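Q: What follows is the residue order along each chain.
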Amino acid sequence: MAEEIILLDYWASMFGMRTRIALEEKGVKYEYREEDLSNKSPLLLEMNPIHKKIPVLIHKGKPICESIIQVQYIDELWPDTNPILPSDPYQRAQARFWADYIDKKTYVPCKALWSETGEKQEAAKMEFTEVLKTLESELGDKKFFGGNEFGLVDIAFIGFYSWFRTYEEVANLTIVAKFPKLISWAQRCLKRESVAKALPDSDKVLKSVSDHRKIVLGID
Amino acid sequence: MAEKEEVKLLGIWASPFSRRVEMALKLKGIPYEYVEEILENKSPLLLALNPIHKKVPVLVHNGKTILESHVILEYIDETWPQNPILPQDPYERSKARFFAKLVDEQIMNVGFISMARADEKGREVLAEQERELIMYLEKELVGKDYFGGKTVGFLDFVAGSLIPFCLERGWEGIGLEVITEEKFPEFKRWVRNLEKVEIVKDCVPPREEHVEHMNYMAERVRSS
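Protein sequences appear in the order of chains A and B.
What the first sequence shows, in full-length UniProt numbering, is residues 1 to 220, in sequence order.
What the second sequence shows, in full-length UniProt numbering, is residues 1 to 224, in sequence order.
Mixed in with the good hints, there may be bad ones.
Unchecked claim - Calculated pairs, BS3-like style, for lysine-lysine (alpha carbon to alpha carbon, straight line, at most 25 Å): (1) B/Lys-55 to A/Lys-104; (2) A/Lys-104 to B/Lys-64; (3) B/Lys-196 to B/Lys-26; (4) B/Lys-28 to A/Lys-104; (5) B/Lys-139 to A/Lys-133; (6) B/Lys-183 to B/Lys-26; (7) A/Lys-133 to B/Lys-64; (8) A/Lys-105 to A/Lys-26; (9) A/Lys-143 to B/Lys-64; (10) A/Lys-104 to B/Lys-183; (11) B/Lys-54 to A/Lys-125; (12) B/Lys-101 to A/Lys-104; (13) A/Lys-62 to B/Lys-196; (14) B/Lys-121 to B/Lys-150; (15) B/Lys-101 to A/Lys-105; (16) B/Lys-42 to B/Lys-4; (17) A/Lys-105 to B/Lys-54; (18) A/Lys-142 to B/Lys-64.
Calculated directly from the structure, the hints in this document are not laboratory data.
The structure displayed is predicted, hence computed values, not measured ones.
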């Protein structure tokens, strides 16, 4: 059964983490393959010719690309175990809206936070802070974004938590002190085995990014 | 006794994003109240219902607000199951969602936003990039009347509202032919099929005004 599902991924990708979490939540066995992003495998280029990006989920030889699409696919194939989307259409729409919001609003600034300096980095800090404010407000006093149950929006955002230390150090951005509700939420999520397994150690991410900045980007 | 259904759609006549929602509502035979928004003067209602993005479309169903055109299409499909829009098979569904994202992100960005900011030489380069992207859609259409198969569906509404009935009008305004019959026979055949579908025809913005509007929108991009 394990050969039926292959995940092409990168250990520090907050997008890949989503798919890993979804697969773990459903108790589905799969083969994890680490990609070297500076030397992408022929399989990756064949399965995702348009974007050439990870994560790529390959099920019975057929590719599914884009992490939120993968998470929904997994939820639809194994609907009875730990449902990721709620059953009510309006609540599903809410979940999809927030997953889409996270994707639209984090991709550009999050990259700039660690790959840029000066004005560009400052602008990214402001943008990402706005996102965190909005998300903390949306979360409110709920246990998870969807209410009492862990679901799509939690899966969409939790991977970013493993990058918070990196953003704080590399971009001099205040997160932990400023967003206590998000931090409590992240810690609740981390109590789930699927999340604990999927998220890398924050210091490992920081080291990797710091090295990349120094060696590849020539910053610092 | 049937529950009273109140469906309201906030849209803009030239917006492919609200037009595609209208296609879906019409396909399902859902009566709705349409509210025309003005881009340069958004109503207090719109700003209250969509404070984060401040954009159309906004669907209000029995007092509940649904935002983002893809999210709205899926909501409509799940709430009114007749004449399904999304494929039943999970793999086909994931493909429809993937290509819908490609249309609204890369195809839109290259074909409109980047194009608006480019000079003549730049436009030729972008046109080539756009052709490469649309070739993926071309391949999807082989052996099919529509992306949805025998009937129109989710990807037909998304790609139809955006490409032939929006981007092409923009390209017409700048005298650029991107999609040719020679290189894209399946795509052209699909557009001809779409043009025969009543509910699609009803939701296409009038051409001349739209071409003019697209020039105006490109100007807005340049001055932003």
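Q: Hint by hint, note whether the structure agrees.
A: Each hint, compared with the structure:
1. B/Lys-55 to A/Lys-104: holds, 14 Å
2. A/Lys-104 to B/Lys-64: holds, 23 Å
3. B/Lys-196 to B/Lys-26: Judged against 25 Å, a Cα distance of about 15 Å means the pair holds.
4. B/Lys-28 to A/Lys-104: violated, 29 Å
5. B/Lys-139 to A/Lys-133: violated, 43 Å
6. B/Lys-183 to B/Lys-26: With a Cα-Cα distance of about 33 Å, the restraint between B/Lys-183 and B/Lys-26 is violated, given a limit of 25 Å.
7. A/Lys-133 to B/Lys-64: With Cα atoms ~24 Å apart, A/Lys-133 and B/Lys-64 stay inside 25 Å; holds.
8. A/Lys-105 to A/Lys-26: Distance of about 28 Å is beyond 25 Å: violated.
9. A/Lys-143 to B/Lys-64: holds, 23 Å
10. A/Lys-104 to B/Lys-183: Violated, at about 33 Å.
11. B/Lys-54 to A/Lys-125: Within the cut-off at roughly 22 Å; holds.
12. B/Lys-101 to A/Lys-104: Since the Cα atoms of B/Lys-101 and A/Lys-104 sit roughly 11 Å apart, the hinted pair holds (cutoff 25 Å).
13. A/Lys-62 to B/Lys-196: violated, 33 Å
14. B/Lys-121 to B/Lys-150: Violated, because 40 Å separates the two Cα atoms, which is more than 25 Å.
15. B/Lys-101 to A/Lys-105: Status holds; Cα separation ~15 Å.
16. B/Lys-42 to B/Lys-4: violated, 28 Å
17. A/Lys-105 to B/Lys-54: Given that 25 Å is the threshold and the Cα spacing comes to 14 Å, the pair holds.
18. A/Lys-142 to B/Lys-64: holds, 20 Å
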